[in-house]
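Asks: Just so you know, the protein sequences line up as chains V and Z, in that order.
Under the numbering used here, think of the first position of the first sequence as 1, with each following residue one higher.
Under the numbering used here, think of the first position of the second sequence as 1, with each following residue one higher.
Be a bit skeptical, because a hint or two may be false.
[Stated by the list, open to error] If you want the footprint, here are the derived chain V segments under chain Z, 3+ residues with CB under 8 Å: (1) 9-18; (2) 35-43; (3) 77-89; (4) 120-128.
[Said to hold, decoys possible] Per label pair, the in silico range of CB-to-CB distance: (5) V:Arg58 - Z:Pro17: 39 to 45 Å; (6) Z:Ala45 - V:His105: 19 to 25 Å; (7) Z:Ser83 - V:Leu69: 17 to 23 Å; (8) Z:Pro11 - V:Thr91: 25 to 31 Å; (9) V:Asp68 - Z:Gly71: 40 to 46 Å; (10) Z:Glu73 - V:Gly64: 44 to 50 Å; (11) V:Ala5 - Z:Pro35: 26 to 32 Å; (12) V:Gly64 - Z:Ala45: 35 to 41 Å; (13) Z:Ala6 - V:Gly109: 34 to 40 Å; (14) Z:Arg106 - V:Arg110: 42 to 48 Å.
[To be verified] Covered stretches of chain Z, going by a simulated chain V footprint (3 or more residues, C-beta under 8 Å): (15) 23-34; (16) 40-47; (17) 78-91; (18) 112-122.
Hints were generated in silico from the structure; no laboratory data involved.
Each residue gets a CB set at the ideal place from its N, CA and C atoms; glycine is no exception.
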Amino acid sequence: MTVMAIERGKIREFATATGAARPAYMDDQQAPVPPTFLATVVFWRPIGETLRSPQVLRACAEAGVTADLASLLSLEQEYVYHGPLPRAGETLRTAERLSDVALKHNRAGRAMVVVRFTVSFHDERGDLRAECHYTSAYVNRERP
Amino acid sequence: MTELVAGARLPERTFGPVTATDIVRYQGASGDMNPIHHDDEFARAAGFPGSISAGMLGAGWLAAYCTEYLGEETVRRFRTRFSEVVYRGDRLTASAEVVRRFEQDREPRVELAIQLRKDDGCVVTSGTAEFVVR
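So that you can see chain Z by itself, here it is in the shape it has in the complex (with noise of 0.2 Å):
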């Protein structure tokens, strides 16, 4: 277990390659149901090459990624940015590194910056997690 210091980074966890199972099946999970993420069509009419994915698909990835690491019970903040569009065959990979450890609500926590990225380095969701840590 890493040790969480300002600075720390968590191991990375690869996503994907993003596929239209894993699109529907979060679309179908979430109940967003907007055609742009599975409907090419519909996606090319709003300007994009072809339908793409769910930016809260990523968020829920690196939601994941961050309770394999800090438990389920403890999370307190989750915020994620969507600053680039996913294809299907993109391979993403989560990262975080701990920003500080501070105390709020009279619990211990942890700020960690994270983000997801592409493999050519472009970073497509970005965000600030909060933890409580014993």
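Isolated chain V (complex conformation) (with noise of 0.2 Å):
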């Protein structure tokens, strides 16, 4: 478990870079968040800890796919909110776990491991506020 702090200014700062710097973001002082705001979890908790875990590390080996970085795309973020938003002043607590590991092949007939997994937020009541389920892929690029 992290705590997340939902801060005003990382809010304003947040709507400005989305093309949404609108009054109910910038001027609230308990603004609520934008959609995608809790991608910013990774202020408060390393994000993806699951992606290194050995289920996904022994998939990628058995494919012979490179899990690293470069390798790493991001295929899927699906924000799901239970209740009143979470906003700004708000303490979320957040956990992440593994969902899935499948080895598919891409358009290009590459492999690649999808790996599914969820993040989610609990508010200091202890009620599920949002999820984030997250669908990434490693998968073997060719080299120029």
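Hints given; two lone chains; assemble the complex.
Replies: Below you can see the structure in the form of structure tokens.
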């Protein structure tokens, strides 16, 4: 469990960086989080620990796929919110779990190891407020 | 305001052309400092002609597009899938179509099919978004 503080200044910065610099995000002291804001959890905890888990590294070794940063692609991210949106001033507790590891092939026919994992966000009362489901893949690229 | 019935389309919004500044500002804001998004040499070693934009920047633009029409307080689900890479200079257009109206957790909701495409029509990001509508 890692604690993540939802900060007003961070919401302003994120809204500005994503073309959403509107009063609801910029001026409200208790601004709600933008839909993909929880990506900033990486300032509080490393995300993708499960991408280095023994199960994933074993799958990559078996498929002959390099498990390094240059081979890692983000395929999909899904944010699901439960109850009221997290707001500036709140504190959330985060945890990460591995969901699935699968060997697939991309459009070019190259092997890729697809990893699904979820980061959950609970509030101080223990209520689940949000989840982010990540789908990432290690894929061998053709070197120039 | 567009009436949110199945098949209705929100007015489109254009982002870009994508600049290095857009990318590094998003990287700084989001904390994703993967060098593939700002270091051409690193990106070339990974097999790309140059550095590529961050998929989550496009997702963030799509989120900005949706919340502008549906409000900042009402998102319930936001899913984006990255199918093509984006380079500096690409112009991106966000669009959304209402898939259905439904009720979940005693809330009336709308589901949208959302996408971001380049000027040549190539879809770089697609997904679904659900918002509460009153």
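Asks: Going through the earlier hints one by one, which of them does the structure break, listed in rising order?
Replies: Failing hints, ascending: 4, 8, 12, 18.
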